[in-house]
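*Asks:* These are the residues of each chain, in order.
There are 4 protein chains.
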Amino acid sequence: MSVVVVITARPSYSRVKTVLEFLRRRAVDLRIITGASALAVRHGRVVDQIREDGFKIEAELPCLVEGGRVRESVMTTGLLVSLLGEQFDRLQPDIVVTIADRHETLATALAASYQHIPLCHLLGGEVSGSIDDKVRNAVTQLADIHCVATSRARDRVLALRPDAEVYVTGCPSVDLAAEAIAQGPLRNSDCVVLQHPVTGEAHQAADQMRATIRALEGMDAMWFWPGEDAGAEDMSKVLRLAGKKPIRNKPPLEFLRMLLGAKVLVGNSSVGMRECSFLGVPAVNIGSRQEGRERGSNVLDVIHDAGAIRDAVFVASQMTPARSRLYGDGCAGEKVAAKLMFARVGAVV
Amino acid sequence: MSVVVVITARPSYSRVKTVLEFLRRRAVDLRIITGASALAVRHGRVVDQIREDGFKIEAELPCLVEGGRVRESVMTTGLLVSLLGEQFDRLQPDIVVTIADRHETLATALAASYQHIPLCHLLGGEVSGSIDDKVRNAVTQLADIHCVATSRARDRVLALRPDAEVYVTGCPSVDLAAEAIAQGPLRNSDCVVLQHPVTGEAHQAADQMRATIRALEGMDAMWFWPGEDAGAEDMSKVLRLAGKKPIRNKPPLEFLRMLLGAKVLVGNSSVGMRECSFLGVPAVNIGSRQEGRERGSNVLDVIHDAGAIRDAVFVASQMTPARSRLYGDGCAGEKVAAKLMFARVGAVV
Amino acid sequence: MSVVVVITARPSYSRVKTVLEFLRRRAVDLRIITGASALAVRHGRVVDQIREDGFKIEAELPCLVEGGRVRESVMTTGLLVSLLGEQFDRLQPDIVVTIADRHETLATALAASYQHIPLCHLLGGEVSGSIDDKVRNAVTQLADIHCVATSRARDRVLALRPDAEVYVTGCPSVDLAAEAIAQGPLRNSDCVVLQHPVTGEAHQAADQMRATIRALEGMDAMWFWPGEDAGAEDMSKVLRLAGKKPIRNKPPLEFLRMLLGAKVLVGNSSVGMRECSFLGVPAVNIGSRQEGRERGSNVLDVIHDAGAIRDAVFVASQMTPARSRLYGDGCAGEKVAAKLMFARVGAVV
Amino acid sequence: MSVVVVITARPSYSRVKTVLEFLRRRAVDLRIITGASALAVRHGRVVDQIREDGFKIEAELPCLVEGGRVRESVMTTGLLVSLLGEQFDRLQPDIVVTIADRHETLATALAASYQHIPLCHLLGGEVSGSIDDKVRNAVTQLADIHCVATSRARDRVLALRPDAEVYVTGCPSVDLAAEAIAQGPLRNSDCVVLQHPVTGEAHQAADQMRATIRALEGMDAMWFWPGEDAGAEDMSKVLRLAGKKPIRNKPPLEFLRMLLGAKVLVGNSSVGMRECSFLGVPAVNIGSRQEGRERGSNVLDVIHDAGAIRDAVFVASQMTPARSRLYGDGCAGEKVAAKLMFARVGAVV
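Chains as they are written, first to last, in numbering that gives the first Met the number 0: chain A, 0 to 348; chain B, 0 to 348; chain C, 0 to 348; chain D, 0 to 348.
In short, the hints are calculated from the structure, not lab data. Where hints are given, some of them may not hold.
Unchecked claim - In silico EDC-like links for lysine to aspartate or glutamate, alpha-carbon gap of 20 Å or less:
{"no.": "1", "chain 1": "C", "residue 1": "K243", "chain 2": "C", "residue 2": "D219"}
{"no.": "2", "chain 1": "C", "residue 1": "K338", "chain 2": "C", "residue 2": "D28"}
{"no.": "3", "chain 1": "A", "residue 1": "K236", "chain 2": "D", "residue 2": "E20"}
{"no.": "4", "chain 1": "C", "residue 1": "K236", "chain 2": "B", "residue 2": "D47"}
{"no.": "5", "chain 1": "D", "residue 1": "K236", "chain 2": "A", "residue 2": "D47"}
{"no.": "6", "chain 1": "D", "residue 1": "K338", "chain 2": "D", "residue 2": "D47"}
{"no.": "7", "chain 1": "A", "residue 1": "K262", "chain 2": "A", "residue 2": "D206"}
{"no.": "8", "chain 1": "B", "residue 1": "K262", "chain 2": "B", "residue 2": "D219"}
{"no.": "9", "chain 1": "D", "residue 1": "K244", "chain 2": "D", "residue 2": "E200"}
{"no.": "10", "chain 1": "B", "residue 1": "K55", "chain 2": "B", "residue 2": "E20"}
{"no.": "11", "chain 1": "B", "residue 1": "K236", "chain 2": "C", "residue 2": "D47"}
{"no.": "12", "chain 1": "A", "residue 1": "K244", "chain 2": "A", "residue 2": "D206"}
To be verified - These stretches of chain C come out as covered by chain B in the derived footprint (C-beta under 8 Å, 3 or more residues):
{"no.": "13", "region": "54 to 65"}
{"no.": "14", "region": "113 to 120"}
{"no.": "15", "region": "210 to 224"}
From a predicted model like this one, the values you see are computed outputs, not experimental measurements. For each residue, glycine too, the CB sits at the ideal point set by N, CA and C.
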């Protein structure tokens with residue numbers, strides 16, 4: 000049984016790490032292919048993190064075209080499709096795993112499904128309100144096995160693919176949150192800020208970041224660099240001009256323990272819905288990026304307005320939301336790994 | 000109002016030709032981009048046909064990677080995504096049109112939707128039973144405006160995209176069939192054979208073609224070269240060895256008039272369901288390629304067995320099926336063109 | 000010591016086969032990467048031949064863009080550069096070997112030299128009179144080690160790269176000719192025809208082929224399909240219309256033994272200069288393709304004129320030229336292999 | 000007469016700007032294609048500068064693959080070859096112009112020469128001591144018309160291409176230097192620092208930058224970001240950590256006037272040899288990057304050692320070198336433009 004997992008970004012690794020850990024303990028020929036922003040210094044080279052975690056990397060596929068506009072994503076996708084096509088042809092895996100809703104996710108799905116290699120999609124059926132939804136649902140159309148985080152996600156996948164094999168496994172990133180709770184909080188800053196550009200609002204990216212910076216003036220906050228989508232360069236510039244010293248990357252477990260030690264997460268990352276609900280950490284979610292994503296009682300939604308954000312952060316800091324199993328019970332990695340190992344591969348093709 | 004139409008194969012042109020004719024009579028900046036098998040001599044260079052029909056070609060994108068296996072489709076797709084990315088960025092169209100269910104259709108959808116250019120998909124919501132279904136439905140996820148052939152197709156698109164703009168326009172290829180009826184039949188051969196490789200059954204392609212050849216022994220038949228998917232090279236070899244002299248291409252109208260003058264269509268092309276139902280020409284449909292596609296009373300389905308095919312051709316040759324409006328009333332081109340011209344483009348994005 | 004050899008066409012394999020045979024008997028980690036026309040059915044899939052000869056293929060890189068015009072060569076080259084870039088990065092070889100003067104040769108040179116991987120170029124310094132000269136000399140600029148066929152080739156390389164490591168090893172394809180002589184002739188046809196399109200004269204390709212066909216009317220001739228450059232599709236069509244049944248490929252040794260059993264080689268292949276001079280087989284060389292290439296007394300040059308070709312074939316058929324060591328003494332494979340194994344790799348970088 | 004000029008980097012624009020100015024005043028169909036680092040925010044988007052200078056951009060080709068290692072240059076090159084192939088096919092220019100010695104220069108040369116489009120290479124025949132030499136000379140092999148800066152450059156081109164059309168036009172960047180002298184100096188900093196990573200020494204890039212920073216401690220210096228080659232990210236990091244606020248870009252004329260107002264240029268840019276010799280500005284040239292390049296009496300060469308650099312800067316600051324015409328007389332743009340307009344294009348092909 001050979002499994003290829005394609006990882007092209009920092010958050011994707013968090014969402015598959017415990018799956019990889021279970022697979023390597025089993026009699027599975029696991030090959031990890033990395034590429035795009037997973038290799039970029041500017042995005043913290045998560046490929047190094049993966050190696051430090053003891054995994055062997057089968058290939059690095061450099062294809063992140065620089066430029067900060069949406070057309071560059073198209074170039075990246077085109078090049079990645081060709082490179083993955085060759086990898087899959089060379090490795091002839093029994094199954095390929097693709098994660099969530101990035102353009103590289105669709106590139107992976109396309110390269111696998113055209114070659115009739117069974118495809119497992121992690122975290123389909125979610126709703127986040129932008130081109131990501133289109134991409135995620137397009138991948139759902141191409142995939143053969145679907146491991147989803149919530150039962151509402153399962154229902155959505157089944158609405159799109161009534162005949163599909165869908166499993167509610169929870170999100171593997173929540174497994175790490177369980178581990179973080181076991182190890183206890185790390186004290187760092189009151190606020191953790193994770194704000195990304197929104198596809199389709201790239202031209203407002205700078206203003207959006209400015210609003211958040213103004214809202215958090217005077218507060219003890221830890222800032223992260225935005226992800227690599229269109230608008231990121233503008234946001235980075237604003238951060239630098241404001242004298243922030245954003246962090247590129249943290250080992251995921253350390254990050255979650257810091258989150259556990261913080262009073263509030265601020266920004267528009269799905270971490271606010273996903274990991275924070277499990278951890279019981281309040282999250283101030285800004286703008287449209289997570290629109291439609293399922294959320295627990297730990298989330299306060301606001302618009303991109305400095306005053307509104309400031310107020311929400313004040314309120315959120317004093318909340319103590321209950322821990323929720325909305326996005327999983329902490330055993331998602333094991334469940335996904337089991338589905339991969341016992342995929343009726345012949346039948347799937 | 001600027002419209003880009005991407006055409007990458009012979010059948011795609013038939014399915015959009017009357018749309019183009021209506022658009023050029025209007026105040027629309029129409030740009031036709033061709034590529035992949037539309038440029039290949041082996042596939043009859045439909046790009047020359049388009050030029051002969053009086054259309055200007057904005058760009059030719061050579062990207063058809065030769066090889067006869069599925070991995071080549073992946074390479075073609077990757078290269079096409081990058082090349083289209085640049086074209087769309089340069090032209091900045093108000094809307095892009097992509098046709099049916101080929102891998103180039105998905106490449107077009109991907110390049111347009113990532114750049115937030117409104118995308119119109121022609122002929123979504125159909126069912127044909129192979130990877131084409133996955134691809135067609137993935138394109139449905141990415142498109143903004145959907146012009147479909149039948150009301151069942153509309154229902155299927157709405158099941159996948161409950162919020163989508165869907166219009167039942169009929170299939171523009173049927174417009175040509177109406178024109179063919181107006182001009183009358185051309186007498187050529189009794190049988191017209193259009194048999195293509197089936198994605199996922201590429202290794203059986205040669206055997207499938209042999210069965211059809213045996214079934215039609217001694218009959219007056221006009222053969223066409225298979226399309227460019229995996230398995231096509233094997234089929235072509237079988238045809239050559241059997242001494243057939245397949246035709247690469249016919250002007251669409253001439254082809255339909257010959258069909259009207261024939262007793263039966265044999266093979267696995269959607270022409271059997273689509274144009275033939277309108278023309279009232281019997282069709283013997285072989286194998287799984289059109290599984291699930293809506294069909295009228297003119298279609299007899301058989302397996303890839305020489306005897307079964309022979310029997311079906313005999314029966315079909317004596318049928319006189321009624322003409323049906325299942326796939327349109329002959330005015331699809333005008334209807335699609337109208338939807339494109341009045342697309343609420345701003346709203347769509 | 001790890002060596003990567005990139006093979007993208009039938010003739011390139013003949014020019015490196017004995018090198019590979021020597022390398023596999025030594026403690027060398029030999030990786031063979033194939034791609035482009037080496038994978039195409041239409042060009043006889045030399046990759047299958049390589050496997051039959053007992054070599055393992057590291058990767059197959061499908062990138063031959065179909066179309067029959069020069070722009071397709073550019074697309075093929077671009078895609079190949081990216082794919083090879085990834086392969087070299089993954090394999091990190093000590094040295095890369097590239098062969099002769101094809102556009103894929105330059106793609107290989109570019110991908111290796113930009114990554115600072117020492118590059119060995121086989122068969123630089125020749126002169127053949129078309130874009131091939133430009134490409135061959137550009138590769139000479141990029142390569143670190145140069146194994147050439149003749150002392151005049153060495154002088155030409157040194158004129159371009161006064162500081163270069165250049166070795167006169169002879170051409171490895173001649174090693175096979177020595178083996179063919181050892182095994183003796185195979186009787187097949189009087190004439191062997193190897194005629195290719197000429198870069199820069201693609202629009203005359205059909206006429207050129209017609210002249211040769213007319214010249215050889217009534218003769219006992221064995222025809223081969225033309226190579227994959229621009230113009231090849233036109234030539235192939237002419238061959239088919241003339242009722243010729245060209246051969247795609249022959250095992251190299253069998254081919255050379257048939258050549259030894261023939262009275263004359265006709266066409267514009269370098270085989271006429273290279274292998275035929277060693278074998279002592281007369282060659283009628285047509286047109287400009289081999290202009291400037293060194294030749295022995297076995298070669299008669301003619302223009303693309305049916306009468307002239309016919310006369311030359313008549314004269315050549317009655318010649319018995321002496322065997323010449325102009326292109327090597329039959330031990331080139333061993334000599335090249337030794338240079339590769341003892342490349343002062345560190346120094347080269 | 001249609002001319003395509005491909006510009007992929009900031010320094011390339013400086014070396015062709017006055018050529019463009021002359022061409023646009025003539026009856027020439029001038030098309031400027033930009034791509035790679037010319038589009039990148041991190042490299043100052045010289046494409047915006049070109050537009051501000053009143054030129055229309057025909058196409059932007061995003062293809063700069065991010066990553067900071069040499070393999071990324073290979074990916075960039077592969078993608079650019081394909082994209083340029085399509086552009087040249089679409090535009091069918093009479094001549095293509097490529098500049099100096101970058102990997103994009105070779106990509107341009109390859110895409111043009113394979114399509115048999117006459118190619119003019121600016122600034123061949125120079126010597127700078129790294130992979131750039133290989134690339135520059137490979138381009139010389141592919142080009143048809145050669146406009147060089149110095150008579151020694153002409154001799155070197157003729158040694159590589161004894162049959163070539165070579166013109167000593169001077170370097171167009173020097174034309175701007177003449178204009179800068181006419182407008183007079185701008186007073187800014189004493190030192191202007193232009194230090195780039197050296198291909199083949201990417202792993203030392205950080206140390207090299209540190210040495211320069213230490214050498215200039217306490218001095219009034221204006222720093223620029225390094226170019227986009229491998230090692231640039233490390234250098235940028237060192238600059239940021241040292242609290243420098245490097246400049247991305249300056250309008251070329253303003254830059255040269257500041258240079259004229261400075262006491263010394265420090266680093267390893269060819270500006271030290273080229274523009275500074277004409278301006279009579281002393282240059283401290285560090286390390287191997289310009290090894291072999293012709294230089295006037297204004298240049299002091301030092302190794303990457305803080306002490307040595309400091310001493311050289313001290314000495315250079317007190318020099319008043321004579322202005323030299325080594326790299327041109329200030330009329331190169333006009334001369335190159337004339338050669339392009341009267342290229343015997345038919346003959347060249």
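*Asks:* Now, for every hint given, state plainly whether the structure supports it.
*Replies:* Each hint tested on the structure:
The straight-line distance between the Cα atoms of C/K243 and C/D219 is roughly 12 Å, inside the 20 Å bound, and the hint therefore holds. Annotation: proposed proximity of C/K338 to C/D28 holds, straight-line Cα distance about 15 Å (limit 20 Å). Of the supplied pair hints, the one linking A/K236 and D/E20 is violated, its CA atoms being roughly 33 Å apart against a limit of 20 Å. For the suggested pair C/K236 and B/D47, the alpha carbons sit about 18 Å apart, so the restraint of at most 20 Å is met.
Between D/K236 and A/D47, the direct Cα distance comes to roughly 18 Å. Compliance with the 20 Å bound is thereby established for this hinted pair. Note on D/K338 and D/D47: the hinted pairing is violated, with a Cα-Cα distance of about 28 Å set against a maximum of 20 Å. Our distance criterion of 20 Å between C-alpha atoms is broken by A/K262 and A/D206, whose separation comes to about 25 Å. In summary, the hint linking B/K262 to B/D219 is supported, as the alpha carbons are separated by about 10 Å, within the 20 Å threshold.
For the hint linking D/K244 to D/E200, the alpha-carbon distance of about 24 Å lies beyond 20 Å, and the restraint is violated. Of the pairs offered as hints, the one joining B/K55 and B/E20 holds, with about 12 Å between alpha carbons and a cut-off of 20 Å not exceeded. For the given pair, B/K236 sits about 18 Å from C/D47 by alpha-carbon distance, which is consistent with the 20 Å threshold. The straight-line distance between the Cα atoms of A/K244 and A/D206 is roughly 18 Å, inside the 20 Å bound, and the hint therefore holds.
With 5 residues carrying a beta carbon less than 8 Å from a beta carbon of chain B, the region 54 to 65 of chain C meets the three-residue requirement, and the given coverage holds. For the region 113 to 120 of chain C, the proposed coverage by chain B is not satisfied: 0 residues have a C-beta within less than 8 Å of a C-beta in that chain, short of the threshold of three. Counting residues of the region 210 to 224 of chain C whose beta carbon lies closer than 8 Å to any beta carbon of chain B gives 0, which falls below the threshold of three, so the coverage claim is violated.
Comparing the model with each numbered hint stated earlier shows that hints 3, 6, 7, 9, 14 and 15 do not hold.
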